[in-house]
Structure formats: structure tokens, C-alpha cells
Amino acid sequence: MNGRPKIGVYICHCGINIAHTVDVDEVVKFASTLPDVIVARDYRYMCSDPGQALIVEDINNMGLNRVVVASCSPRMHEPTFRKTLITAGLNPYFLEMANIREQCSWVHEDKIAGTEKAKRLVESAVVKVRRLEPLEVKEVDVEPSALIIGAGIAGIQAALDIADAGFKVYLVEKTPSVGGHMAQLDKTFPTLDCSACILTPKMVDVANHPNIELLTYSQVEDISGYVGNFEVKVRKKSRFVDVDKCTGCGACAEVCRQAGRIPNEFDEGLGMRGAIYIPFPQAVPAKYTIDKENCLFLSRGKCGESPKCQEACEAGAINFELQDEIVEFKVGTIIVATGFDIFDARKKPEYAYGVYDNVVNALEFERLVSASGPTGGNVVIPQRGKKKKKKEDEEELGPVIPKNITFIQCVGSRDKSVGNEYCSRVCCMYTAKQAHLVKDKIPDAEITIFYMDVRAFGKGYEEFYDRVRREGIRYIRGNPSEIFKRGDKLVVKAEDTLTATPLEHETDMVVLSVGLEPRSDRREIIDILKLSSSPDLFYLEAHPKLRPVDTATDGIFLAGCCQGPKDIPDAVGQAKGAASAAMILLASGKVKVEAQTSVVDEATCRGCGFCVEVCPYSAIELVEINRAGWPVMVARVNEALCKGCGACSAACLSGSIQQRSFRDTQILPQIEVLGVK
Amino acid sequence: MKNPYIPYEVKIVDAWYETPGDRCIKTFKVTFSDEKIWDTWSHQPGQCAMVGIPGVGESMFCISSSPTEKGYLRFSIMKVGKNTSALHELEAGDTFFIRGPYGNTFPLEEWKGKDIVTIGGGIGQAPLRPVIQYIRDNRDDFGELTVIYGARTSADHCFKAEFEELNACGDACCHLSIDVQEENWPHFVGFVPALLMEVEPSPENAIAVTCGPPVMIKFVLENLEKLGFTPDQVYTTLENRMKCGIGKCGRCNAGNLYVCKDGPVFSYAQLKEVPEAFA
Amino acid sequence: MAEETREGFEPNIVAFLCNWCSYAGADLAGTSRIQYPSNVRVIRVMCTGRVNPLFVMNALQQGADGVLVSGCHPGDCHYMQGNYYARRRFTLMRNFLEYLGVDPARVRMSWVSASEGSKWKEVIEEVVEGVKAVGPMDQFKRRQLNW
Amino acid sequence: MVDNAKLKDVAKEVISREDVRLLIGYRPGTYGFRARPAFVENSDQVDELIFSPACVSNLSSYLTLEEKTPLPRGVEPDLRKVAVMVKGCDSRALVQQLVEKAYDREHILVLGIPCRGVVDMAKVENRFPGVISGEIAMEGDNLVFSFDGKEETVPKEELLAEKCKRCRYPTPLISDLLLDDEVERFADDDYSDITAMEGKSTEEKWAFWEEQFSRCIRCYSCRNVCPMCYCEDCVLDRLKPVWARRSVDISENTVYHISRAYHLAGRCIQCGECERVCPVDIPLMLLNRKFYRDVEELYDYEPGIKVEEKPLLSTFSVDDKEDFIL
Amino acid sequence: MAEKVLKKEKVGEALKELSKFRLFAPSKSNGTILYKQIEDPSDACLDFGNTTVPAKKIVFPQTETLFRFMLGNPELKEKNVEEEGTTVVFGIRPCDARAMGIVDNLFSWDYQDPYYLKRRELTTLVGLACIQPPSINCFCTSVGGEPFSEENLDVLLVDLGEMYLFKAITEKGEKLKTTLGSQLDEAPSDAVKKSGELADKANVQIKRTIDTKGIPEKLPTLWENELWKRVSAACLGCGICTYLCPTCHCFDIQDEVEGAEGRRARMWDSCMFREYTLHASGHNPRPTRRERTRNRINHKYSYFPSKFQVIACVGCGRCINLCPVNIDILEILGQVVDA
Ligand SMILES: Cc1cc2nc3c(=O)[nH]c(=O)nc-3n(C[C@H](O)[C@H](O)[C@H](O)COP(=O)(O)OP(=O)(O)OC[C@H]3O[C@@H](n4cnc5c(N)ncnc54)[C@H](O)[C@@H]3O)c2cc1C
Ligand SMILES: Cc1cc2nc3c(=O)[nH]c(=O)nc-3n(C[C@H](O)[C@H](O)[C@H](O)COP(=O)(O)OP(=O)(O)OC[C@H]3O[C@@H](n4cnc5c(N)ncnc54)[C@H](O)[C@@H]3O)c2cc1C
Ligand code: SF4
Ligand code: SF4
Ligand code: SF4
Ligand code: SF4
Ligand code: SF4
Ligand code: SF4
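Residue numbers (numbering that gives the first Met the number 0), protein chains in the order written: chain A, 0 to 676; chain R, 0 to 278; chain B, 0 to 146; chain D, 0 to 325; chain Y, 0 to 338.
Bound-form chain A, shown alone (with noise of 0.2 angstroms):
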């Protein structure tokens, strides 16, 4: 039922503010005359208590409807004319401003154009008014529980203090171990704590911690939902290990007949493992996983007479009948930590990457320094493809271990003619590093270091590196042109842009300082959550300055080096801070969703999705109704996602998509009125 719209409109001084230069009493009778205006009045104040009682009692006495305050902008008092029309029982969505202040009276002297423009926002103020709906402010509940997705130390900070904070956190590792890269590392710049040291505490709490669920070897397989009310499926893929019977006593491990044959993962295929595995000694949990592709009896359907790890196994945990399976549950928000890949060296050919094995890349030198690693923390020069038949074939054949090392820095970063222009910001830190580990191991060894710029910018890093150059090790800048093998030397060939001479340089083992990149996998998590990438494909924060943890959607944070390269501390400081925005929402219980949100007319709806595409918030779907018995695709909005910005409306040919408060047949009469002169 509707009446006929009954508006007031207030028209203030503001003081002299406005009345200055606004002949308020001409506007006053000129908003009389104006159709369904029952009554218009001007007042000192009109944000003042008198003020707002003035149009409580009118809307009380004369029954009005709708209200028009003509003063300072929207941007000022909205909310506080909103209350006043709550407060006199009115939605208070009928209210429209008209800025006679700020956007009249305070910029135009003129008496007679500043009175003139004030009666046009007036007049658009009463067409819109007229045309106005009630809106209603909902609230959702907020499941009181966090998805974090990716278990990179990023990950595991964000899940301990989530979890600490009381709230239900559920953690979900792609691999068999949580860890993520950090776990590959020896030790860590600047203060070179061994990393296995520090994190591997954390690993094992978040294992043991009430309140996480930890799911790995888990991938999420879709979410839907909105702030507060996520649902998430996740599929927990087979280990054809009955995770609570497996000991990890690596029983069977041993006895795999595929043992020492298949390059570890974990060790960037420097080291190798059996098809039976766990990635490492300390992998949280510590069970065994198998590799399906390569078991033998999973893969051919026979493993000699029978496989012979379930014979080992004494506690009986391998079962060949495992399947994958789906967990689904609800949580209130969701942050993605799930890191970086490196920068695949390859895709510079002058370095001669994968073509010589002694060109490695910095990750394959941490394993190489690790005391865990493939080689028990010796430098060596790796024989890759060379398959360990028998231990003493690697006797046969002996280490090798180089006297001259030489590392190139920035080896995929600052780089436009691969794609990526950014700075990795880890790199000088870490290949001072490693210079600084080989000087430990080898001290005689000779070390060089092409660079561009060394950036060491952080707490510590500029001290670290002073030291590091001290322990004489050779700087020299320039970018190398090309590495080639002499004799059973690798040649480097550069020009030192400080003294612009070219040089060769002779070295037993190149060390690629290899960038940060987004995941290969990214779009994984994209297509789930419709994240945006910023245009280096990392996640897109909501605001690079103010809002770095925050994603466009509400409810989806970002922590670690899936938003952009860092190094741990700004890994952890940034999951600290997205755990911290998540729990704001979990500690309030309710969020707020938007009133002026968009709303599709089922009935004209061509389908066409535009509006889907152009939603920053991924807030429209596409779903199939029944037309008169017809299947049809529409457009639907979750009014819980939608921020009402309205981008759809002006999508939407058919005008099918509109915004609440900004409807075509809302705006179209405002400019009719403004286009009148």
C-alpha cells in the first residue's frame, strides 16, 4: 500500500552560513510550490536538537513521509537527519540531502545565483525524495571460526594467534607438511637463527592447538557464502596412510622398492625419497604419505608380489582403499597465506639454468647448506639426473666441492623482459646470506656476488651486510650477459658498470638469486574466492596504504608473500595483522551489510551476465529460475556482499540491475529537473 508521498523539506541557515548567500526565504516558498511538498520551513539549526524536533513534529503531526534537509553536505549530517527520521518512526532511507553549504552557499558570493543554484538542489532533492523506498539495515551473524588457507609460516602465525584468541581455526596445507618455504631455509637473515629452530616449535603447536583443525594434504575445493557465513568444501586427498594409525616410524619408507628414486620436492629434486615419503624429518604431522603417481601398486596395479611397505608396517596404517574426502564446514572469515613459488630460472637461458649442474638456484643452495639437507649441510656441486643406484656409487664418485662460488643477484626480479618489474626484496638479504653460510663451511673459498643495487632496508639487514662484505666477499656490480662452460669451469661474462670494464669471470658454481613469484597455481584460489590480482598477479589488496591485509571482500584477509614479496618478519607481522582483522569481525559476532545494495527485476533479466563481470565483489551470481516454465539464467545479488557502488547498474543494458537509493527511475528525474534552466 502507498499513500500519496507527503515531503517536508527543511531548509537551513547554518547561522549566516548559508542565509549569507542564500536567500533562504525565496527557497522556502519556492520548495512550497513544488508537488507533494506539504510543508517546507527553514530553521537556524537544523542539526541542532530544536532543529530535529522541528521535523520530528511535522513528520508526527502532519503525517509526513519523506524529508528533504537542504544544508551542509550529506557527507556531514546523513547519518544524523537519518536518526532524527528513526526517531520520528520514518525509514530512515527517506531522506534526501540537498548541499546548499558546501556546494552553494560557501563557493558562490553571488545572492542571486547561489539562491537560484540552492532551488535546483532543492527541487532534485524533492524528485528524488518522492521516488525513494524504504531500506532496511540488516545484520548478519558472524560464524565464530577462521579458514586459513596455505600453512607457509604466514599461515601458522595467523592460526596461532586466531586460535589463541578462542576462536575455531581450521588450517589448510596444500602439501603433507605445513612449513611452506620457510622450512626449506637454514638459517635466516639478519640474525641467522636456524630456521628449523624457530619455526619447527611453531609447527608442532599449531598440530597440537585446541583450537585448529589442521587439514593437510588438503586443498579447498570451493566456498561460497559471505562475510560471516562462509561455507567450505574441502578435499582432504588420500595418503593411502590411516593418519591415525601411522607412527611415523618410516618403517616402510625404507623398504620401497621406489626408495632413493624420486626427487624430494622438498629438496628442489636435489634430494630423493621413495614413493612412500615424508617430506622431511621434522613434517608436521609426522605421518607418511604415498605418492600415487609413483607407487608402483597404485599406479600399475602391482608392486612385485605385494607391496611391500604393508608389510612393514607393523601398526597396519597402509590401506590401498583410501579415498579422497570432502570436509565441509562453515566459518565467519577466511585468510589466504598461500605464499609465493620461485622465479623458474629457466626462463633465462643465458645463465645456462638446467643446461650445467653447477648453476643452482638459491633455494636448491639452502637444501645444499642445510644440515637436514640432501647432503647433510656440505657444499657440494650437485649431480642432478644422475640417479643414486647404490649408496656407493655417490662414494665412487665423490663430491666436489667448489673453491669459487659466485652468486648473481636479481636473477628474475627488476626484470620487464620477463614480466616482472617488481623488486623481490629478499634476495640481497638472503644471497649475502648464503655468502656469509659458504664462508662458514668453506672459508677459503672465493666468493663473488653480481648485483644491481644491494637493498637492505630493513631492521638489522644494512648491519648484516656490512658484516657479510667485511668477511671478503667480492661485490661487483653489473648484470651478467651469459654463462658458458670452459673446461670444467663456468664462465661469467659481465661488464662491472662501476669501472665499465667487460669481464670473464672463472668459478667453480654459479648460485641464481632467484625471485619471488605469484603461485603457478594462483588462479586456484581466484576462481574459488574471485580475488583480484594486482597487475604484478599478486592478491590485490583493498587498499595498498590503509588496507594491505583486506581484500575487496569482506571477510577475505591476506597474509605472507601471496600478496607480494616478503621476508619473514613481514610475513609474520602481516599474518599478525590479518589474524587481527579477522578476530574483530569473530569478536563482534554481527556484521553490517549494506543498505543501498542492487537488486535485479527477475523478469527483464537477460542473463547476459555484465553485471556479474563488473561486480568488484563478486557480490551477483547467475542462477537458473523457472520462467513461465522455461529454465532461464538471471542475475541475483547477495545483498549480503553487495557495497552498493552501482557499477552494475550502469552495466546492465536492460536496465534489469538496479542500485537501491540510485535507480534509474530515481536519477532520471533528478537530471530533468537540473537540465531545466
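These aren't lab readings, by the way, just hints derived from the structure by calculation.
These numbers come from a predicted model, not from an experiment.
Each residue gets a CB set at the ideal place from its N, CA and C atoms; glycine is no exception.
There's no promise every hint is true.
Here are the simulated EDC-like pairs of lysine to aspartate or glutamate, each with C-alpha atoms no more than 16 angstroms apart in a straight line [unchecked claim]:
#: 1; chain 1: D; residue 1: Lys239; chain 2: A; residue 2: Glu623
#: 2; chain 1: D; residue 1: Lys67; chain 2: Y; residue 2: Glu274
#: 3; chain 1: A; residue 1: Lys488; chain 2: A; residue 2: Asp507
#: 4; chain 1: D; residue 1: Lys100; chain 2: A; residue 2: Asp507
#: 5; chain 1: R; residue 1: Lys10; chain 2: R; residue 2: Asp33
#: 6; chain 1: D; residue 1: Lys204; chain 2: B; residue 2: Asp137
#: 7; chain 1: Y; residue 1: Lys27; chain 2: D; residue 2: Asp147
#: 8; chain 1: Y; residue 1: Lys206; chain 2: D; residue 2: Asp147
A short list of chain A residues far from chain Y (calculated; beta carbon distances all over 12 angstroms) [said to hold, decoys possible]:
#: 9; residue: Thr32
#: 10; residue: Lys291
#: 11; residue: Glu420
Add chains R, B, D and Y with the ligands to chain A, keeping to what the hints say.
Frame of chain A, contents of chains R, B, D and Y with the ligands only:
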């Protein structure tokens, strides 16, 4: 000669909502602003008028008061679109414009002495109301009056008070229905055609008049036939879209009949020949 | 019509401003008491992304002599992308109107941030000057031919 | 040229398929050299099918034109495939319709016709006035007209439709069955018409368009024939809000044409149908080609080429040009 | 009674003379022939087939104000057609003139339509006989017309080569003859005979014909016939066949407001449009182009004759010529006959 496109101003004497909701129905009681027009105005049950507001538009509505109700006209209008929304904003004291009366009328003269059954659904009761009222005001000229009426819910029933009064004063026997059961609903539950079978009026010396949504009419007609009503005992009114109301603008035709001029009242016998009538 | 042109012609310009940057920028011009011509009448929308380019056409038909759309600088949109969409839409619409014979001075767009009160003034001055120079817009105006 | 015997065979096979409910092709027209759309529902109707340079209609419009009447309760909708014959240009409409999710790919079966051009029927009728019934065939670069028992050969250049003279995609970009060998691109677009128009002064431009728009009778044929104009309820028909009034005058006509042209920006696939059907010869291609050219030039975007493409105005690039923005 | 002729070299003069009235004549605009109000005689083009838009738009404009008002003011200001003054349509084809006669039935049936009828009264029709049919789809002779038909005309011009035979038919025609006085010359003695011969020749040049006898009665019997689906399948539902038909007369009425001022106006409408019969509820009694095509043909060939005893089609062929998808009323009628 008066220009048939120029409407007269009428003033709302009273206005009230019959039903709530998005598609609410509001009844307006109006009189001509210029009293003199009453002298030239005469309408009969079944006739319509173009109702509009200059600047908004016009649409056709049946006059839901009987000529026996002197001094005012009634319109019951359901809010469905542009004009009707604008009309719904009006209140007592406001004005709008009408032109008419248009169309033919129920042949009440011919029906004298007969039993009358009206079968209405939803807003379709609007054209039946003047028939009922006319009979009440000429009660002795007609036989028994049976009123069958249904709407989706009890809230959607138009003219509630009048039905009660009708029953109370014994002028007619009213049978009401709603589509699904509600608390405290003492009457029939189901669709109007079913209620019709329940009431089972006799075709003997009777006339049946029906109006409502197209599907309802279709089944009511079938059921009336089952009850033994012959096509010439059954009347209905059609509501095709129309713009001029005076047989020029073209669109209201059902076959070769101009609904605005040849109708809106038709006997079923007539419509049986017109394949488009119930499209 | 053409006679009343130029001399004393005060154009009427309809502007669509996004709530977060340009509207705030215009407010700032006000708080700073920066004086500028009164020819521009503002319609506030939440984002330039809401502004249908056909609004421009409509305004010109309804009698406006010029139209201005103003929003956040690229990259600063409160809704992240709205101004990028707007930019595309308006580039095309503006070119098209020019192609039909509408002087491009009538269809303007600007980026004015919440802190650019003085830029707002400059924009207004430039737009008003531009429209003044080309005179009243009567091409699309309803001419009441059959009235 | 598509072999008409083969075409009939294919059509017969297609329409006999269980999962195909309708085949849309061409058949001879009722007078002159005309051909017209044919709607084949069973194999008996196949014999009338043809393809010739007279087959100008873009049949993809019919995929979105079909009105679906309310189904009585309990009646299942017939969702079987519709097979449709498309030339190169027409196929782009299918692609664009798919970009816009007008229907599912599985709901159509595309019979592609590699095309060497169709005629401008107005030119043909000027050249051979008063012919009651005749046929057109293409032989090499010539058109052969047979009527009243005689044959006349005309170089195709003279009577070809304008759009064919600019056609970049003579072979359908999407098809399930190609009815002939692929045709090499034989023309390209230099947009000289657009540049010429752009070269005029503001006054000349408006004088030109005012004249053109004033002729429009708003019969909506250009919209209804357009394969991209398939909104259930076009905004230009709506009473709430009114974008374009129903009354026909220069102001409302202008608004109609601006609105439609803008709605086709980045969507119009240059089939030329709108201009062809206009009874008062308004050069509509000059409007939508302006957008087409700008879109190509500014955003390197051509509609109706790739099904996976995002709609032009639902995408942006951070580096989009903005030299006019203050 | 001595016949007059209008020599071709005097046409300009004659038009000049007539332009003191509201004078309409065919004119070429961008290759399209349309009626145009003529101020400069050289704008007129008498060497034409037929206009794309029929002359009906002169007496029944596409958009026409009914009355004006000020918002909130009860006073309604009726449009005064009388003010338009005398109108002359110069060079109207006989079919278009016949069509006006047919449409007169509708506008004067029962309620009198003041706008249309007044304008008809004010209008003088100067016809131009079709020496040869303007198009191959002309079939006026099948529906009671002729290339030289004088029906409804006030004057008939016949092109005799150097000159037009000027035949005044009605009183209005005679008046026009007087007006033109000095521009007209005495007809040569053989003019009438020559005109007769031309008429006979023109008649036989009509190639496409159909026997319409019985169609009005037969149509209602074919309501559910298969043929409607077949003939309408390609239809686009546009307004061409109806807007351009000289006998189509449907209109819509809409209010338009400009500031405080407003008008109620009517504008052509087409039964081929979807929203023509669409109800506010979404129900549409003619939901597809099949029903709409059927209605169009029935209206012209059955409903109208049943009400006014004349077929509402003059065989001008426009709907055939201009239909973008070659929907052909002659073919449809043929199928009706054969059905
Ligand atoms: C060679 C090298 C040396 C370095 N040395 C130092 C150093 O000395 N000091 C220092 O401060 N920093 C160093 N860094 C940087 C440091 O590694 C990073 O700052 C840190 O690892 C970032 O942690 P993260 O949690 O963001 O990402 P990651 O460590 O990459 O963790 C991401 C986790 O998410 C998981 N994951 C990814 N996608 C999914 C998915 N879809 N579903 C579930 N799980 C998923 C991954 O498996 C991984 O476990 C070094 C980096 C390199 C490359
Ligand atoms: C003879 C007759 C009697 C009627 N009696 C009543 C009545 O008593 N009470 C009542 O509520 N309604 C009645 N109607 C229906 C009423 O005319 C429409 O609901 C009304 O026109 C809708 O107008 P609108 O502007 O609100 O809708 P919009 O959808 O905005 O209408 C646009 C135009 O469509 C036309 N239109 C739309 N729907 C219909 C329809 N169902 N019938 C006719 N024209 C339509 C009108 O011409 C209207 O101007 C009657 C219709 C007819 C023909
Ligand atoms: S853009 Fe409009 S028509 Fe397309 S899906 Fe969205 S609401 Fe529907
Ligand atoms: S087809 Fe021609 S006349 Fe018809 S609406 Fe389009 S432009 Fe106007
Ligand atoms: S606008 Fe014209 S050329 Fe473009 S797709 Fe539509 S009909 Fe074809
Ligand atoms: S003009 Fe626009 S709204 Fe209308 S049908 Fe075409 S695309 Fe749809
Ligand atoms: S028959 Fe032809 S002209 Fe008529 S509506 Fe259909 S397509 Fe248009
Ligand atoms: S129906 Fe066709 S042929 Fe007949 S008068 Fe109309 S346009 Fe001419």
C-alpha cells in the same frame, strides 16, 4: 459535438483500501467537479470509464457502482503499473479525470424475473458489484441472488463488509472462498470453480455472470456447462488492453469484436464464436 | 536561439560526482571557501561506475548545455574499479557524441580527489568556459514540434 | 559456392536427428531474386532449402527472437537443439550471443557457410527492375542472374552488399559442420566512411544526422532484426523509467539512435542487418561502425570473435587512454 | 465540360501557387521518397513509384497532440486542427487515396474522431494515376482498386508525357482547379482518350493478383490452421508492415510532460509489437508473432470487412516490398485460398 478524448475532472469524496500488499486494491468514490455533468451522465452496470491523471496517462476501469447509487461513481483499482500506482497515491479531496461511460451493459432488463448467480474472483468482482447493487436496489424485479466469490487469501477479498451485509439482510446468499486454509476461516477453501460446484446453483430460469482471471473464467464456464447452464444464460466481461475506449485505437479486439464498443459484456453464446476471446 | 548565444550566456551543467572523492573534493572547496562559477548542478552517486553514459544523453536532451562526470583518480576508487569502467564507457560515448556533432567541450570527465578542492574549482572553471564558448546546446532538446 | 544438393543432404541428416527440433536456413523468396528465412521441422521441408548470394538475412537473430509462451503446468520445455545456417558475419553474432550467455552452446548446432559475399538486394532490384522471379548464383568473381529464361553476368563487386566489401571473416568462426571449403579473407575494413564523417565540422555532422534521424519512423525493425538486441523488455520501450518517449520527433529519434548505438558498443558484429532493413534508408552502419572502429582502435577489441572473451564494457585496462580527462 | 491539363513545365508554378496551403508532395530524401511539406517546388518529385511512408501520415500524423494542460491545473486545452488550414496532397497514388476512404469508416464509426475527420475535411487529394505499377508487388486490382482509380480523390492527374491530364472529380477538386486557373491549360482533344488507353494498359501490367472473393468468410474458419505458424515464423515483429500500410490505423496514447506543461498525445502503434496487447499482469492474449500475424491478416481481410464491408487493404504492396524478411501478404492470402 463533444470531443470524446477530453475527460472530465472528478473529485474524490472518499477512498479506502480493499486489500493490502504489492498489488493492493483501492476503491475511490468520486463525483464530478462540475456538478452539471451529472445531468448528461448516465451509465448502466457493466460499463466502464477511462480513468487517468494528465501527465501520467489513462486506463480503463469498470464503474463499480450501480446507477442506482446516486451522486457518486465508484472505481476499485488494483495497483499494477504506472497509472494505477499514480492513482493509488490519491486521497479524498484530490482529483483525477474520467471519460465515458463506455461499452455495453449487462442486459438487466432481460434478466428481470430470473435468478442471478454472480461468480467472481479477485478484482474481477469489480464489474459484478454494480450488478449486485442494482438488483438490491430493484430487489423485487429479480429472483434469487447467489454471490460466489473467491480470492487467494482472506485479506485479498474485496468488498468484505458488503458481503457480510448482503448475507445479513437476506438480499443474497454469499459463498466465499480462499485458495488455502487459514485460521478461523469458516467458509470454503479451494478455487472458485470448485466452490461453484459446491454451491451447485440451478440453471432453471437463471443467469450466471462471471468475471475474474482468465484461467478462472475458463473453468467456471466449463463447470457452468456441467451444471446445465446454456451459453446464452452465461455472461462475462472481457478486459483486453485498450487505449481509446471508443473503437479507434485498435488493440482491444477479440476476433471481430471491439471489446470497448461491442463489449465488455458478452454472453458466452457470443464468445463461443470468437476463438480469441479467452486467449 | 543562436542569438542569445555567447553574450551573457550562462550554461547549465549537470555533474555526476562520486561520493568518496569528487563530492568530497567539492565539499572541501566549500569548506575552504574557494569561489567558482555557479553553473554546475551536482547529482551525487556512490561511484562513477554507477553513471550510465546514457545519462549524458538524457541530460543534454533535458536541456543541459554540458555534462561533467567526476570521480576518484585511477587506482583510488573506493570500490576499486568503478572509475576504470566509467573511463571506458565515457571515452566511447564522448567520441560518439562528437561524431554526431556535439561539441566535445560539452561532455567532460575529471578525476578530483577528496583533497583537491582547488582542482575542483579549476575543473569547474574550465568546463564552464568551454561550454560558454560553444553556446547553448539545443541539438537534442525536445523541440515541442507537435505541441 | 555451397553445393545446394549437399546442403539439402546435410540438412536432412541434421533435422532427422533426435536432438534437433528445428533447422533455420534459407529458401527462395516470393518475388524477384529474393531469398528468405526457412524454418524446417522435418525432413519433408528440406527440399526448399537453398544457399545463394541472395541469402542476406542473419539467421542467428532467430535464436534469440523466439518467444517462449508460458508452458502449462506439467508440460516439459522442449530444449532440443536448434540448427542454424550462418555465414561468416552471421557466425560472429553466435559468438557474441555466447559471450553474453544468451543460451548454452549445446542448444545450438551450427551449420557454417564459408561465404564469398551476398548481394545488396536494393542494388539488384535497381539493376533488374520488375523481375517477378529469378535466381542468383556466384561464379568466380561474377554474379549470374537467371530470370525469364535468360542469364546475365555482373561482376560481383558491383552488386555486393557493403558489409561484404569489408568482411574480415568470410568463414564462420564457430561451426559444428562446415558446408564448404574455407574461404580466404577477401576484404578488409579501412573505415574510410567513418574517417570521412569525422572529418566534417561539428555543424556539418549534426546537420547530416539531424536529417537522417528525422526520417526515422521508429518501426524498430533495426532493433528487432539485430541479433544482439534481444532484451525481453527493451529499455527503449519502457514506461518506467522513460528513456525514449514513444512520440516520434527528432529529439526522441536521436535518443533512440544514441541509446541503441551505445548498447551495441563492443557488441555489434557488423552484420549490417539494421541498415538493410531500415525502410527509410538511415545509414545505421555509419553509427555502429563508429563505435566498432573506436573500440578496435582504443581497446584492441573485436566483438564476436572469441567465446571466452569478456564483454568489452565489463572489462578495463589500467592503461586505458584518458587524454581527455581533466 | 472542357478538360484541363497541367503542362509539366508549369508544375513548379502550380506548386508555388498551392504552397499557400499546407502543401504536401513526394520528395526525395537520401534516395527515399517521402511526403514532405513543400515550400520550394523544386523539392517535389513527381517522378516516383510510390512513397515509402503512405500519405496517411498527413491526415493521421505519427504523433499528434490531443490536448495540452498545465500540471495540477484542471483546464485541458484541446488541440485545434482547424488552425492547420487547408491541406493539399499533391501526387498521391490512387491506392493511398482509396485507403483514406477505408480508414474514414473507422474514424467516423460511432464516436467521431474529431482530429482525423477535421483534417480529412480540410484536405484536398490530388492523385497521380499509375501509368505503370510502381512495384511488382502492386495488386490494387485484386482488392477493388485500380491504377487509375478516382475513388476518394479530388483531382486525378494522368501523366500524358508532356503534360498531366487534370481531372477534377469532386467539388474540392473543382475549387482547386479554380485556384490553379492560370497554371492549367485546355486539354488537347485526345487527352481523355489517351488517358483511357493508358489506364487499360496499366491494368494489365499488374502481374501479381489474387481472387479475394470468399476470403473474408473463409478466414475465421482457419483459426487454428497450420499456415499461420509457417507464414509468421520469420517475422521480426517490427512495425514496418503496419506503419507503412496506408490502411493501418492503430494508435497508442501517452502523456508527456515538459516541466510544468504537458500533453496527451497519440502515436501510431502496431499490432505486430509484443507490448501492443500485453497486460500489466504479464498476460498477453497474443503472445507470439503467430497470433499477431494472424490478427493482422484477419483484421484486414475479415474483421474490417465484417464491420465496414470493405477489405482494409488497397494492394499497394508496401508491406511486401518493405518487409525485411519477405513475409508476403499475397502468399498468405494464396495459402488461405488453398487451405
Ligand atoms: C631462497 C630463499 C631464501 C630465503 N631466506 C630468507 C631468510 O633468510 N630470512 C627471511 O626472513 N626470509 C627469507 N626468505 C623469504 C621467506 O621464505 C618467506 O618470507 C616466507 O617463506 C613466506 O612465508 P609464507 O607463509 O608467506 O609463504 P610460503 O612459505 O610459500 O607458504 C605458503 C604455504 O601455503 C601452501 N599453499 C599454497 N597454495 C595452497 C593452496 N591452494 N591450498 C593449501 N595450501 C597452499 C604451500 O604449500 C605452503 O606451505 C627466503 C626466500 C627464499 C626463496
Ligand atoms: C474493460 C476493462 C475494465 C477494467 N476494469 C478494471 C477494474 O475495475 N479494476 C482494475 O483494477 N483494473 C481494471 N482493468 C484493468 C486495468 O485497465 C489495468 O490494470 C490498467 O490499465 C493498468 O494500467 P497501469 O498504467 O497501471 O499499468 P501499466 O502496465 O503501466 O500499463 C500500461 C498501459 O497498459 C494498458 N494495460 C495494461 N494492463 C492492462 C489490462 N489488464 N487491461 C487493459 N489494459 C491494460 C493500459 O492501457 C496502460 O495504460 C480493466 C480493464 C479493462 C479493459
Ligand atoms: S547485466 Fe542486466 S541483463 Fe545482464 S545479467 Fe545482469 S541484470 Fe541481467
Ligand atoms: S529501421 Fe529505420 S525507420 Fe525503423 S526504427 Fe530503425 S532507423 Fe528507424
Ligand atoms: S547493430 Fe546492426 S550490424 Fe550490428 S549486430 Fe545489430 S543488426 Fe548487425
Ligand atoms: S536497444 Fe538495448 S535494451 Fe533495447 S534490445 Fe537492444 S540491447 Fe536491449
Ligand atoms: S511481417 Fe515483416 S514487416 Fe511485418 S512485422 Fe513481420 S517482419 Fe516486420
Ligand atoms: S496490407 Fe500491405 S498491400 Fe495492403 S494496403 Fe497495407 S501495406 Fe498495402
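Structure-based check of each hint:
| no. | hint | result |
| --- | --- | --- |
| 1 | D:Lys239 <-> A:Glu623 | violated, 26 angstroms |
| 2 | D:Lys67 <-> Y:Glu274 | holds, 15 angstroms |
| 3 | A:Lys488 <-> A:Asp507 | holds, 6 angstroms |
| 4 | D:Lys100 <-> A:Asp507 | violated, 60 angstroms |
| 5 | R:Lys10 <-> R:Asp33 | holds, 9 angstroms |
| 6 | D:Lys204 <-> B:Asp137 | holds, 14 angstroms |
| 7 | Y:Lys27 <-> D:Asp147 | violated, 32 angstroms |
| 8 | Y:Lys206 <-> D:Asp147 | holds, 14 angstroms |
| 9 | Thr32 | violated, 10 angstroms |
| 10 | Lys291 | holds, 56 angstroms |
| 11 | Glu420 | holds, 53 angstroms |
The structure shown violates the earlier hints numbered 1, 4, 7, 9.
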